[in-house]
Amino acid sequence: MDYTKYLNKTALGIKPSGIRKFFDLASERKDIISLGVGEPDFDTPWVARDNAIKIIKKGYTQYTGNAGLPKLRELICKYYLDRYGVKYSPNECLVTVGASEAIDITLRAIVNPGEEVLVPEPSYVSYCPCVQLAGGIPVAVPCYAKDNFSLTADTLKKYITDKTKAIILPYPNNPTGAIMEEDGLKEIAKVIIEKDILVISDEIYSELTYNEKGHVSIASISGMQERTIVINGFSKAFSMTGWRLGYLLAPLEIFEVIKKIHQYGIICAPTISQYAGISMLEESFSDDFNSVNEMKSEYDMRRRYCVSRLNKMGLTCFEPKGAFYVFPSVEKLNMSSDEFATTLLEEKGVAVVPGSAFVNGDCSFIRISYAYSLKQLEKALDIIEEFVKEKTK
Amino acid sequence: MTQLEKKVIALLKDDARRSYSEIATLLGVEENQIKTIVTDLEKQGIIVKYSAIINTEKTGEDYVDALIEVKCTPQARSGFDAIAKEIYKFPEVKSVYLMSGTYDLCIQLESKTVRDVSLFVSERLSTIDSVTGTATHFIMKQYKEGGVVLNDETDRRSDGNT
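From first to last, the protein sequence lines are chains A and B. Its first residue numbered 9, the first sequence is counted upward by one per residue in my numbering. Its first residue numbered 1059, the second sequence is counted upward by one per residue in my numbering.
Note that these hints are calculated values from the structure, not bench results. Treat the hints with caution; some may be incorrect.
Derived lysine-lysine pairs resembling DSS-like cross-links, with alpha carbons at most 27 Å apart [said to hold, decoys possible]:
no.	chain 1	residue 1	chain 2	residue 2
1	B	Lys1065	A	Lys171
2	B	Lys1093	B	Lys1071
3	A	Lys221	B	Lys1202
4	A	Lys387	B	Lys1093
5	B	Lys1199	B	Lys1107
6	A	Lys198	A	Lys221
7	A	Lys304	A	Lys383
8	B	Lys1107	A	Lys383
9	A	Lys387	B	Lys1170
10	A	Lys304	B	Lys1170
11	A	Lys397	A	Lys320
12	B	Lys1170	B	Lys1107
13	B	Lys1065	B	Lys1093
14	A	Lys221	B	Lys1107
15	B	Lys1152	A	Lys387
16	B	Lys1065	A	Lys383
17	A	Lys38	A	Lys17
18	A	Lys340	A	Lys399
19	B	Lys1116	A	Lys387
Part of the chain B face toward chain A, derived, beta carbon under 7 Å [to be verified]:
no.	residue
20	Thr1083
21	Leu1084
22	Gly1086
23	Thr1097
24	Lys1101
25	Thr1212
We put the CB at the ideal spot given by N, CA and C, even for glycine.
Here chain B stands alone, though its shape is the one from the complex:
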């Protein structure tokens, strides 16, 4: 990837709603060049999707975020991939990662209530044959999400005299 492509990605990761023209101004290049780069990145599947970061506490909606550690027995040919696939097909599963360390898969779950999470674990997850154990952790507070500090600190600068 070129330096310019990397810079474009960094700017879009920071704010996906930036226009071609704004990115062009920020990087000091022509707008057309940015358009070509972004279209290419989308085509190559490098930019997968543009989404918003939500401060869920402020929405007033019920929500429960949970991280679930899953221990499982890898399968003969597909290793962990087939198990992961079986898990990620559920819409409430936000992300699935294969982990190093004491457990195998990490699931991020987005639900409305604690009961939803319990049902997911007891009825969907633990019924998968190769799953040998789970540990569920509820997220109690969001501090930083997608690189953004949600309740940002105030500016400590005192306006000195410079």
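This is chain A alone, in the form it adopts within the complex:
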């Protein structure tokens, strides 16, 4: 039976994820040392787990309101005000099934068929498919190693057309670890306001920003809040990936339309996770984000370690200031990222994700996740060093 005629053309046309593709390859082998996982290696803090158990015991297992528990939405707004200086009312906060759902429903709420959405490249794999599924056309905006993979106003200008509806702003960035500094944000904000487009700011890695100033949300730049949908969640900041708890903050008129899609498609984010989120935020406010900072300083050590090791072995790599990835170049070995990752896996049993997963076509960078213990990083980097030596002989 030919099923293609029964299936949706857009969905059929979406290429499989490069990350998935690579892990399928890796899963065929045992004894793999992976530096591939884009997920924290810390357990969810006990306070969230404990409260979730209590909530289950109490039987609070019904749906919540569509937008999420009022208390949680209040805390999220307090969080954005305290941490990033952006003021939202709980009526502009929607609790979602991870930041992933927030990306999907935001795009569906704003994109009309044929409209373009700019996606900085390299970027996380789900933006382009989500734009396509929403009927839009994803347009890649290249970011360059020479700019430390930040987005510049000059590049941005070149890709805006009269069909451009919005830009996705994924910083701190997966896979490059790049961040946007305040000055850079101000520059691109000018262009965005002048060209009258919207911003979907995916700030899921905001807590993992390793410069003194910390994360700056584009919504805090003058004139930007009214045209920005901020997306964030609990997965990376509090190591709560499996709880599927995210949220978005948007101007009321946009929020109402997004909420409609959420209400019909999802009903509400998991109730138990929402209660866990409440206790996580309450605890964080009461200990002044101490446990978040401890986790961050652990990541920070690993980050410095990876950057130093990779540069020493000749895989040049800028110092990433965000997320938990380093993005070294394998150009020196005259290999594409696919070739490097595949050969490294086959010959040495170490898994890294080729940069090709995050761009159209191939590139000469690989993504190394440092969501691993220092011990494991050391072991894997020793092997990569050996591999590089062999290949440069």
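Guided by the hints, dock chain B onto chain A, whose structure is given.
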């Protein structure tokens, strides 16, 4: 103690074989600064010794680890200190602690056989005048030693799609 000193100690407690240069990279400071800090900590007796954690089950050697609770009568001037000293001089005694609660001293003993432990208790420990009673517990399995889980759990992460 400064924040930096605390961080250096934490890194060395985790892995005492880390080089100055590695610690410097991890903490984002100069190597010389780390060298000075570690030397000072050693001089002050804060860092006492660097030792290895051994998974004794894997060595194939005979060994018996025991925890011994000791009840004793404190002495007039020295309290428990003199008794502790009398106990810790034996080389098979790995550690000695003064405890709160139902007994007074806790001894960690490293021996080769159960008989060695029995001999230690009957001939060395119980013959000390101020010792009024002992209770010996044999350690049956090591799960976590010096902060390290010995048979570590596997990575539960499924590689999602992030």
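Results of checking the hints against the structure:
1. Straight-line distance between C-alpha atoms of Lys1065 of chain B and Lys171 of chain A comes to about 53 Å, which puts the hinted pair past the 27 Å bound.
2. Under the criterion of a C-alpha separation no larger than 27 Å, the hint pairing Lys1093 of chain B with Lys1071 of chain B is consistent with the structure, at around 16 Å.
3. Distance hint between Lys221 of chain A and Lys1202 of chain B is unfulfilled; the C-alpha atoms sit about 39 Å from each other, more than 27 Å.
4. Restraint check for Lys387 of chain A and Lys1093 of chain B: the C-alpha separation of about 25 Å stays at or below 27 Å, so the hint holds.
5. Restraint check: the Cα-Cα separation between Lys1199 of chain B and Lys1107 of chain B comes to about 26 Å, which is no more than 27 Å; the hinted pair holds.
6. For a cut-off of 27 Å, the pair hint linking Lys198 of chain A to Lys221 of chain A stands: about 22 Å separates their Cα positions.
7. About 17 Å separates the Cα atoms of Lys304 of chain A and Lys383 of chain A, which keeps this hinted pair within 27 Å; it holds.
8. This hinted pair checks out: Lys1107 of chain B and Lys383 of chain A have alpha carbons roughly 22 Å apart, not beyond 27 Å.
9. Taken as a hint, the Lys387 of chain A and Lys1170 of chain B pair is broken in the structure, with Cα atoms around 34 Å apart against an allowance of 27 Å.
10. Of the pairs offered as hints, the one joining Lys304 of chain A and Lys1170 of chain B is violated, with about 44 Å between alpha carbons and a cut-off of 27 Å exceeded.
11. At roughly 12 Å between alpha-carbon atoms, Lys397 of chain A and Lys320 of chain A fall within 27 Å of each other, so this suggested pair holds.
12. Proximity of Lys1170 of chain B to Lys1107 of chain B is assessed by CA-CA distance (about 24 Å); at most 27 Å being required, the pair is judged to hold.
13. A distance of roughly 14 Å separates the Cα atoms of Lys1065 of chain B and Lys1093 of chain B; the hinted pair therefore holds under the 27 Å criterion.
14. Between Lys221 of chain A and Lys1107 of chain B the alpha-carbon distance is near 39 Å, which puts this suggested pair outside the 27 Å criterion.
15. Between Lys1152 of chain B and Lys387 of chain A, the direct Cα distance comes to roughly 32 Å. Violation of the 27 Å bound is thereby established for this hinted pair.
16. For the proposed pair Lys1065 of chain B and Lys383 of chain A, the alpha carbon gap of about 17 Å is at most 27 Å, so the pair holds.
17. For the hint pairing Lys38 of chain A with Lys17 of chain A, the CA-to-CA distance comes to about 37 Å; that exceeds 27 Å, so the pair is violated.
18. Between Lys340 of chain A and Lys399 of chain A the CA atoms are separated by roughly 10 Å; this keeps the pair inside 27 Å, and the hint holds.
19. Distance restraint check for Lys1116 of chain B and Lys387 of chain A: the Cα-Cα separation of roughly 21 Å lies within the 27 Å cut-off, and the hinted pair is therefore satisfied.
20. Interface hint status for Thr1083 of chain B: upheld, as the beta-carbon distance to the closest one in chain A is roughly 5 Å, under 7 Å.
21. Look at Leu1084 of chain B: its Cβ gets to within about 4 Å of chain A, closer than 7 Å, so that hint holds up.
22. Below 7 Å, beta-carbon pairs count as interface contacts, and Gly1086 of chain B has one with chain A at about 6 Å; its hint therefore holds.
23. With its C-beta approaching chain A no nearer than about 22 Å, Thr1097 of chain B sits outside the 7 Å limit, and its interface hint is violated.
24. Hint status for Lys1101 of chain B: violated, given a least beta-carbon distance of 26 Å to chain A, over 7 Å.
25. Look at Thr1212 of chain B: its Cβ only gets to about 12 Å from chain A, farther than 7 Å, so that hint breaks.
Violated hints, listed in ascending order, are 1, 3, 9, 10, 14, 15, 17, 23, 24, 25; each of the other numbered hints is respected by the structure.
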